[in-house]
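**Q** So the chains spell out like this:
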Amino acid sequence: MERVGVFVCHCGRNIAGVVDVKKVVEEAKKHPFVFHAEDYKYMCSAVGQNLIQEAIKKYGLTSIVVAACSPRMHLETFRTAAMSAGLNPYKVEMANIREQNSWVHEDPHVATEKAIRLVWSTINKVIGNQPLKKVRSNVVKRCLVIGGGIAGIQAALDVANSGFEVILVEKSPTIGGRMAQLSETFPTLDCAQCILTPKMAEVARHPNIKIYTLSEVIEVNGSVGKFKVKIRKKPRYVDIEACNMCSECEKVCPQVVLDKDFNRSLTIRKAIYIPFPQAVPPAYVIDAENCYGVGTTRCSECVKVCEQNAINLFDTEEIIEVEVGAIIVATGYDLYPKEKIGEYGYGRYEDVIDSLQFERLIASTGPTGGELRRPSDGKVPKRVAFIQCVGSRDLQHLPYCSRICCMYTAKHAFLYKHLVPDGEAYVFYIDIRAGGKRYEEFIMRVQTESKVRYIRGRVSKIVQKGDKLIVHAVDTITGKPITLPVDMVVLAMGIVPNTKEIAEILRIPIDENGFLQELHPKLAPVESPIKGIFLAGVAQGPKDIQDSVAQASAAASKAIEILSKDYIEKEPLVARVNKELCSKCGVCTQLCPYNAVEMTPEGAKVIEVACEGCGTCVAACPSGALSLANYEPKQIFLMVDALLMKIPIPEKS
Amino acid sequence: MRILYYPGCTVKATAIRDEKASLAVLEALGFKIVEVEDWVCCGAVYNLPRDTVIQAVAPIRTLIRAESTMRKHKTSEILLTLCSMCNHVLKMADNMYRSDPDVAYKLDVYLSDEPNYEGKLKIMHFLEILRDLVGYDKIKEKVRRSLGGLKVASFYGCLLLRPREVAIDDSEDPIVIEEIMIQLGADPVDYPYRNECCGSYNVVRTPEYVWDRTKDIVESANDYGAEIIVTTCPLCAYNLEEGQKRRKKELKGREIPILYVSELVAYAFGLDDALEPEVKVLIDRMVRDRG
Numbered sequence: 001m002e003r004v005g006v007f008v009c010h011c012g013r014n015i016a017g018v019v020d021v022k023k024v025v026e027e028a029k030k031h032p033f034v035f036h037a038e039d040y041k042y043m044c045s046a047v048g049q050n051l052i053q054e055a056i057k058k059y060g061l062t063s064i065v066v067a068a069c070s071p072r073m074h075l076e077t078f079r080t081a082a083m084s085a086g087l088n089p090y091k092v093e094m095a096n097i098r099e100q101n102s103w104v105h106e107d108p109h110v111a112t113e114k115a116i117r118l119v120w121s122t123i124n125k126v127i128g129n130q131p132l133k134k135v136r137s138n139v140v141k142r143c144l145v146i147g148g149g150i151a152g153i154q155a156a157l158d159v160a161n162s163g164f165e166v167i168l169v170e171k172s173p174t175i176g177g178r179m180a181q182l183s184e185t186f187p188t189l190d191c192a193q194c195i196l197t198p199k200m201a202e203v204a205r206h207p208n209i210k211i212y213t214l215s216e217v218i219e220v221n222g223s224v225g226k227f228k229v230k231i232r233k234k235p236r237y238v239d240i241e242a243c244n245m246c247s248e249c250e251k252v253c254p255q256v257v258l259d260k261d262f263n264r265s266l267t268i269r270k271a272i273y274i275p276f277p278q279a280v281p282p283a284y285v286i287d288a289e290n291c292y293g294v295g296t297t298r299c300s301e302c303v304k305v306c307e308q309n310a311i312n313l314f315d316t317e318e319i320i321e322v323e324v325g326a327i328i329v330a331t332g333y334d335l336y337p338k339e340k341i342g343e344y345g346y347g348r349y350e351d352v353i354d355s356l357q358f359e360r361l362i363a364s365t366g367p368t369g370g371e372l373r374r375p376s377d378g379k380v381p382k383r384v385a386f387i388q389c390v391g392s393r394d395l396q397h398l399p400y401c402s403r404i405c406c407m408y409t410a411k412h413a414f415l416y417k418h419l420v421p422d423g424e425a426y427v428f429y430i431d432i433r434a435g436g437k438r439y440e441e442f443i444m445r446v447q448t449e450s451k452v453r454y455i456r457g458r459v460s461k462i463v464q465k466g467d468k469l470i471v472h473a474v475d476t477i478t479g480k481p482i483t484l485p486v487d488m489v490v491l492a493m494g495i496v497p498n499t500k501e502i503a504e505i506l507r508i509p510i511d512e513n514g515f516l517q518e519l520h521p522k523l524a525p526v527e528s529p530i531k532g533i534f535l536a537g538v539a540q541g542p543k544d545i546q547d548s549v550a551q552a553s554a555a556a557s558k559a560i561e562i563l564s565k566d567y568i569e570k571e572p573l574v575a576r577v578n579k580e581l582c583s584k585c586g587v588c589t590q591l592c593p594y595n596a597v598e599m600t601p602e603g604a605k606v607i608e609v610a611c612e613g614c615g616t617c618v619a620a621c622p623s624g625a626l627s628l629a630n631y632e633p634k635q636i637f638l639m640v641d642a643l644l645m646k647i648p649i650p651e652k653s
Numbered sequence: 001m002r003i004l005y006y007p008g009c010t011v012k013a014t015a016i017r018d019e020k021a022s023l024a025v026l027e028a029l030g031f032k033i034v035e036v037e038d039w040v041c042c043g044a045v046y047n048l049p050r051d052t053v054i055q056a057v058a059p060i061r062t063l064i065r066a067e068s069t070m071r072k073h074k075t076s077e078i079l080l081t082l083c084s085m086c087n088h089v090l091k092m093a094d095n096m097y098r099s100d101p102d103v104a105y106k107l108d109v110y111l112s113d114e115p116n117y118e119g120k121l122k123i124m125h126f127l128e129i130l131r132d133l134v135g136y137d138k139i140k141e142k143v144r145r146s147l148g149g150l151k152v153a154s155f156y157g158c159l160l161l162r163p164r165e166v167a168i169d170d171s172e173d174p175i176v177i178e179e180i181m182i183q184l185g186a187d188p189v190d191y192p193y194r195n196e197c198c199g200s201y202n203v204v205r206t207p208e209y210v211w212d213r214t215k216d217i218v219e220s221a222n223d224y225g226a227e228i229i230v231t232t233c234p235l236c237a238y239n240l241e242e243g244q245k246r247r248k249k250e251l252k253g254r255e256i257p258i259l260y261v262s263e264l265v266a267y268a269f270g271l272d273d274a275l276e277p278e279v280k281v282l283i284d285r286m287v288r289d290r291g
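Protein chains in written order, with this note's numbering: chain A, 1 to 653; chain B, 1 to 291.
Just so you know, not all the hints are guaranteed correct.
[What the hints assert, rightly or not] Here are some of the chain B residues that sit facing chain A, going by a computed Cβ distance under 7 Å:
no.	residue
1	Glu172
2	Asp173
3	Pro192
If you are wondering where the hints come from, they were derived from the structure by calculation, not from laboratory data. We put the beta carbon where it would ideally sit given N, CA and C, even for glycine.
Sequences are here, hints too, so could you generate the full structure?
**A** Structural data, given as structure tokens:
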């Protein structure tokens with residue numbers, strides 16, 4: 001026979017100011033299973049907890065209901081307290097009579113009646129609760145990092161340095177990401193390659209890191225502690241170990257193509273190429289789409305000259321399967337395409353370039369060797385307009401602020417003035433967002449020391465006239481329209497995340513702008529809603545290198561927290577399958593947001609460590625084979641009965 | 001198909017050429033045109049603030065009368081407009097009436113001498129009818145006389161393309177006039193000023209400003225090799241024509257004829273009666289000169 005104890009909290013005046021707590025105690029005592037009920041000012045205090053523990057011992061209580069705040073606040077407190085008095089923690093439930101009652105109702109009579117119903121309903125639930133034990137499972141001590149940009153590199157290094165194995169998956173032929181394309185970095189103006197390549201080299205030689213380039217994650221199953229991952233590794237056609245980067249193959253390759261990726265169509269490369277000299281892994285790669293040798297016709301010029309015999313034109317795709325305990329997603333960003341901006345020429349004018357193209361044009365590793373030449377005729381541009389917020393903060397394009405453009409545009413203008421001291425630089429801006437350590441000072445330096453002209457106003461249109469571009473704008477400080485002939489225009493394009501495919505594969509949510517959704521914007525910013533999957537870099541939201549690195553380290557430490565455990569323990573409030581009723585239709589496996597239901601020949605199987613107890617599968621199961629522990633239908637009907645029962649509303653006093 | 005037609009003041013006066021050609025083209029394509037009875041001026045300006053609705057009284061009055069005409073003559077709900085400004089004002093007023101009950105109530109009070117506006121009309125510009133109801137293929141079928149690769153610069157102006165709620169095409173990259181010109185055998189010129197504002201009614205108070213703008217537009221069309229500029233807006237047509245005379249020196253005497261889109265369509269369809277004789281001669285000469 002169940003012996004239930006009910007404890008009603010005043011929460012100072014929070015509850016007692018509206019709810020007649022004495023009346024609630026009185027009514028609770030009328031429940032046939034209740035052996036003891038009392039109220040106290042603060043149940044969560046040490047005295048209050050003590051009260052509960054004493055009562056358990058004194059009355060031999062088998063279940064506890066605490067009518068107080070939200071279970072999110074103090075359920076753990078009361079469960080722990082009950083446990084030390086010898087009760088199973090899952091025999092403790094809370095009735096929320098604060099957030100869902102006293103805080104939202106003004107009429108004390110109604111609030112008191114609702115409190116009584118909530119308490120009765122919770123009593124009806126707790127008597128059906130099973131004493132459960134936490135679920136345990138082992139942890140695979142290996143971490144998957146998706147994306148080899150600066151965020152992925154940092155996360156991989158941090159996890160690897162803690163002694164765990166890391167699989168780093170990168171879809172392009174080299175790690176390095178966007179940062180490798182940059183010239184200098186704000187606000188300190190370190191050369192991007194100079195600070196990035198040591199980290200790339202560290203990744204390359206780290207015994208705990210395995211890099212898969214030209215690879216994509218195609219399937220992920222399982223859950224925290226043990227994810228089963230499938231990786232598709234596309235053929236490189238060049239043996240990474242054998243290639244000694246002698247470049248003979250590149251010299252003889254007859255196929256010349258536009259370098260669309262690394263140099264953003266500003267120059268050409270061969271079909272066998274290396275993205276940039278410090279690429280990791282340090283090996284050539286064949287661009288199969290453009291090579292004459294793979295496929296039907298075989299030119300094989302490169303094979304003939306390769307003394308290392310490193311080239312294999314018959315290389316094939318590989319599917320690699322690994323198990324990992326945690327996953328870090330750092331898939332980075334692309335620029336919003338300038339071809340979508342009609343007023344700036346839809347990409348029709350050669351000398352209207354995007355910000356990454358400008359980075360390549362001024363980078364010492366770039367197509368012009370760091371000399372600034374405009375793309376159309378190779379002349380040095382004597383007057384350049386930089387336009388901020390292109391695509392960003394624009395309801396027709398991206399509603400959000402891309403956060404990095406104010407700073408990189410200042411850097412662009414600064415570097416331009418260094419390369420072309422007699423040139424004029426104009427920056428068109430809405431406002432300057434320089435919220436970061438030494439950021440505002442950098443903007444000041446650019447405006448004063450470099451004499452870059454900042455004009456507050458939007459550019460309405462760019463038109464081409466002869467070899468000049470005419471910028472039509474408005475100066476919103478003077479209120480005057482401006483017509484400015486320039487030699488080149490740099491568009492500070494907004495940034496868009498590369499998340500669509502990976503979010504589908506990992507079944508993690510994305511927000512309205514495509515960025516990966518964090519568990520909590522303030523208190524869990526690197527965790528995805530799925531346990532064991534963490535977020536880093538721009539994939540989660542626009543951020544600069546500094547913030548990406550910080551977030552990557554945070555994500556790594558979260559992953560290490562899991563990997564360093566011997567086992568994972570979690571709430572046992574999970575779905576259960578009645579195998580006799582299961583028809584193996586598979587609805588549950590498709591709907592489960594946590595990948596926690598598997599289909600086996602015997603029927604659906606719930607992976608208890610992965611199940612979050614959301615109940616989606618239970619509600620969807622057409623044959624009623626699924627149920628949720630401690631939320632059995634019988635319990636729920638009893639709860640509803642209590643909520644709908646006839647309790648006379650006490651007369652107004 | 002019987003469609004309603006709202007001419008507007010300018011089309012009945014300085015832009016009568018446009019009316020003649022447009023109606024002839026649509027009739028040749030099988031439309032039966034029913035002019036709205038007792039129509040009034042559209043007001044020529046649309047006011048953006050929502051707290052003064054007086055500017056919307058005239059266009060809504062016209063729309064109410066269009067609805068009466070529709071019932072009386074059993075036409076479809078399509079209301080044809082030719083002038084860019086009329087098209088803009090009628091659509092904006094219609095939008096405002098349908099989307100804001102407070103505004104609709106105020107207008108009903110102002111217009112208590114008329115039946116209430118029911119909001120059943122579909123206002124369509126001449127170009128929209130050609131594109132959406134006729135289709136480019138059918139236009140091509142009707143061509144009797146190709147324009148022989150004539151270099152045509154389309155001038156949209158601003159009101160056909162802005163704001164987005166009433167725009168007939170993409171405001172930054174419109175293609176409808178170019179598409180029609182291709183069907184007629186012309187060679188459209190892609191120049192950057194085709195969707196700029198001509199200066200519009202500033203011609204009344206600050207004409208110099210307008211001549212500056214039209215000079216830029218004509219110069220740009222010239223630079224890209226245009227032989228002729230076409231538009232659908234009577235005010236654009238006036239400003240572009242007059243602007244060239246006023247800025248003759250700066251333009252170095254290179255004058256580009258300004259015609260209505262409808263006139264080139266009528267010419268290509270062989271509807272000579274719908275064209276002013278001098279327009280017919282002008283196009284004849286230009287097409288012939290190209291060989």
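**Q** Confirm or reject each hint.
**A** Each hint, compared with the structure:
The interface hint given for Glu172(B) is met, as the beta carbon of that residue sits about 2 Å from the closest beta carbon of chain A, less than 7 Å. Taken as an interface hint, Asp173(B) checks out: its beta carbon lies about 5 Å from the nearest beta carbon of chain A, inside 7 Å. At a threshold of 7 Å, the smallest CB-CB gap from Pro192(B) to chain A is about 4 Å, leaving the interface hint in force.
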